[in-house]
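S.K.: What follows is the residue order along each chain.
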Amino acid sequence: MTLIESESLEKRYGGGTLALADLTVSIEPGVVGLVGANGAGKSTLIKLALGLIAPTAGRIRVLGLDPLTDVEQVRSQVGYMPEHDCLPPDMTAAEFVTHMGRMSGLPAATARERASETLRHVGLYEERYRAIGGYSTGMKQRVKLAQALVHDPELLLLDEPTNGLDPEGRQAMLGLVQRIGTEFGISVVVCSHLLGEIERICTSLVAIEGGRLLRSDSLSAMTQHKGVLAVEVDERVDELVARLAAAGLEVREQGRELLVRFDDDKTYDVIRDAVVDLDLSLHRLEQRRHQVADLFRDPVAGSEVGDVQHA
Amino acid sequence: MSSTPEGVIHDIGYQRYQGQRLGRRYAMWSLYVHSLRTAFGLGRGFKAKLLPWTLTAAAGIAGLVIMVVGTQTGFQLVGYVDLVANLTYVAIILLAVVAPELVSRDLGSNVMPLYLARPLSGTDYALSKLAALISSVALTLGPAMVIMFAGNAFATKDGMTGVLDHAGQFGQGMAAVVIHSVVLAALALPLASLSGRRIFASTLVLALFLVTAPIAEGLAEFSDNPEVVGMITPANLLQGVDNWLLEGTNHPVGVWGPMHGVVTLLLTCAAVGLLLLRYRKVSA
Amino acid sequence: MNLMIIRITLRALLGRRRALLLLPIPVLLIGLTGFATTTGVAVERWAPILLNGMGLGVLLPLTALIVGSSVLGLEIEDGTITHILTKPLPRRDIIVSKLLVAWLVTTVAAGVPLGVAGAIADGATMGTALFVGAAVGALAYSALFLALSVVTRRPVIIGMSYILIWENLLGTYVDGTKVLSVRQFSSTITDTIAGNPLLQSTLSVTTAAVMAGVFVLLGTVSATHRLRSFSLAGDTN
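Protein chains in written order, with my numbering: chain A, -11 to 299; chain B, 163 to 446; chain C, 2 to 238.
It is possible that part of the hints are untrue.
[As the list claims (entries may be wrong)] Facing chain B, from chain A, some residues (calculated, C-beta under 8 Å):
no.: 1; residue: Leu40
no.: 2; residue: Pro43
no.: 3; residue: His72
no.: 4; residue: Glu171
no.: 5; residue: Arg240
Don't read these hints as lab results, they were simulated from the structure. All of these numbers come straight from a predicted model, not from anything done at the bench. For glycine and all other residues, C-beta sits at the position ideal for the given N, C-alpha and C.
Take these sequences, add in the hints, and give me the full structure.
M.R.: Next up, the structure:
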């Protein structure tokens, strides 16, 4: 079942700010990265999905339900981990997550059990009996994740889960998210503006810019096409460029490297032949994997592009 | 794709939950119980219990003293209903402390989005909190009534008639407790919800009750109808309602009784309405 | 005394929208006083109620409570007190600076309106008398509440109980408590300066002045002492 599905979704705030415009997207199960710069509209989409705000136009469906009319049902199947600080300092993690579990409809004893288990799954052991006020940022992020998981949702909405974490903490959190998506069998939508991290754990991507959809595709699809070869030689670069261009390849210089658009294996041969003919020393010839960041700019032309990229 | 984080173990694997999921009502009930426990400091260490329990004890002692004096000397210092009115001070202190604990903490720690992402709505949240606050006041004042009744019932020399007579008064007293609890809590909670800092919320609640008293007094000097002017004070308002609806009070308001009742009702409804409005607009 | 702390505290206190909370009651007081003078009812009948009851009994203590307990209390509550404590400032300087700010703000927010109301009610002498009385009361209250905010965890509750129970409830019925009631200090000083017992105070002026001084001294000393041994265990309420 599609996780989140929207059709011409629009959200215009009271002051006239257009947070989302004409967003039509269909998010399939898996670990989905919702990427975009700060203010691109990711949080707004999440709030619309939770039924916290209403769209000004268009419609949105979560797990096949309308978040405004089927509020209870949607929210009982969705877990939300906000970006900002949202934990009470004077409760223990165990108490808090138990309480949140009950708020989500779990009977008392079950709530306690699941809270305990969930906290263990996210990596909080003895600490969970201490007051949250004394936790490190990493521990607090884990508590936030635990309260989103405690009622066993079908879908997790994580807003910048690695916020404020050090590199090790970020790795741990990303690993956790990936495990949730793969081993626990729960679909996850991860909001982030850190493209590199997203690339590592997501199976598909939805890129939003300025409130509009930039691209929505599975990660493999997006990183397969448009490969780029980086070629590095240490002299007579211009001759090489001319030679490659003459052979019909698209070449661009970037610093000490030449970026060559790479369509099939023949490109390798052309480059090799050119280098040999010119008697150059080849320092590097490697394939640049298409990065998510490239969605936001054309990798060979090198300029920022705002339109939808064509494969 | 990414490295497995160290130290994160799961022994039996993640269990999916197939059991029952209770709905909004249950969530509201859970929140109510949780809030009530917070109000009386249960599960939170000694200091949190100090004030509410002391206040309850103080009220109870007042009831005890009156009961003892009454049964030993036959002279009843204060009636059941009047005692509730006199205990308004106690109720105010309780409200000034508990109301912020119930709502200001949640607002200040930004935990509202977590609540709102759950099956209960903002107004459900507000109603549960209000119910908990009302119950807190009632639980603080109620025991005083019970003590008075129990003592008097045991010591009565009129047998069954005496007991029934006191039972009637006890009923009136409990009715007063309910009315006072509802009205005072309804007034205090929206005020407390204006601030995420307990210090300010407490002072707001306190200010409401404190400021109105001298104003009422002052205006009474200028007006021909002191009872009407007195309605500015919640305490006087409630005394008026008590006098109108119940028996056994010493502050007659005569013909103004119904007006007290109507004003109280309108005021309470307005306050609750404002509370719900405020929480309807709280978003993530 | 430290200018930096004074400046920061002032800005924190007054820079927010919530500073507007300090407005309604003074406005109400002045308005009611003005209204009262137009009714032709004798001053002696309503002055005690409005000026003493509402002014010295509600406006002054509540303002002092908010200001006095938040001037240092908020920083303690959310842990940002560490910023000041890690600077090489004598603890006494910190306390005195905070006290000064609390006193200043309270006097302006409550003392000035009281002075104005007094002037409206009974002429300039009364106005000045009330202002001075309120200023003294403000100092004593501020010291008390500041100390409470450092020494205890719940300064507002205790402060509130002091105002409600000790000053208002007991103070009306039990004469002995008046010696320890800041409100009585204020009203006594006011009446003395004004030369007429409008506010129906009962203490002697010397007692009032001395006790007010005691409050200030004790408050400052205990707050300083407690601040010195402040541990920042990160524990919460």
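S.K.: Can Glu171 of chain A be said to touch chain B, with a Cβ gap under 8 Å?
M.R.: holds (7 Å)
S.K.: Given Pro43 of chain A as an interface hint, is its Cβ closer than 8 Å to any Cβ of chain B?
M.R.: It is violated, given that the least Cβ distance between Pro43 of chain A and chain B is near 14 Å, above 8 Å.
S.K.: Quick check on His72 of chain A please, does its C-beta sit within 8 Å of some C-beta on chain B?
M.R.: Holds, because the Cβ-Cβ distance from His72 of chain A to chain B comes to roughly 6 Å (cut-off 8 Å).
S.K.: Using the nearest Cβ pair, does Arg240 of chain A come within less than 8 Å of chain B?
M.R.: With a minimum Cβ separation of about 29 Å from chain B (threshold 8 Å), the hint on Arg240 of chain A is violated.
S.K.: Under the criterion of a CB-CB separation shorter than 8 Å, is Leu40 of chain A in contact with chain B as hinted?
M.R.: holds (5 Å)
Checked against the numbered hints above, the structure breaks hints 2, 5 and satisfies the rest.
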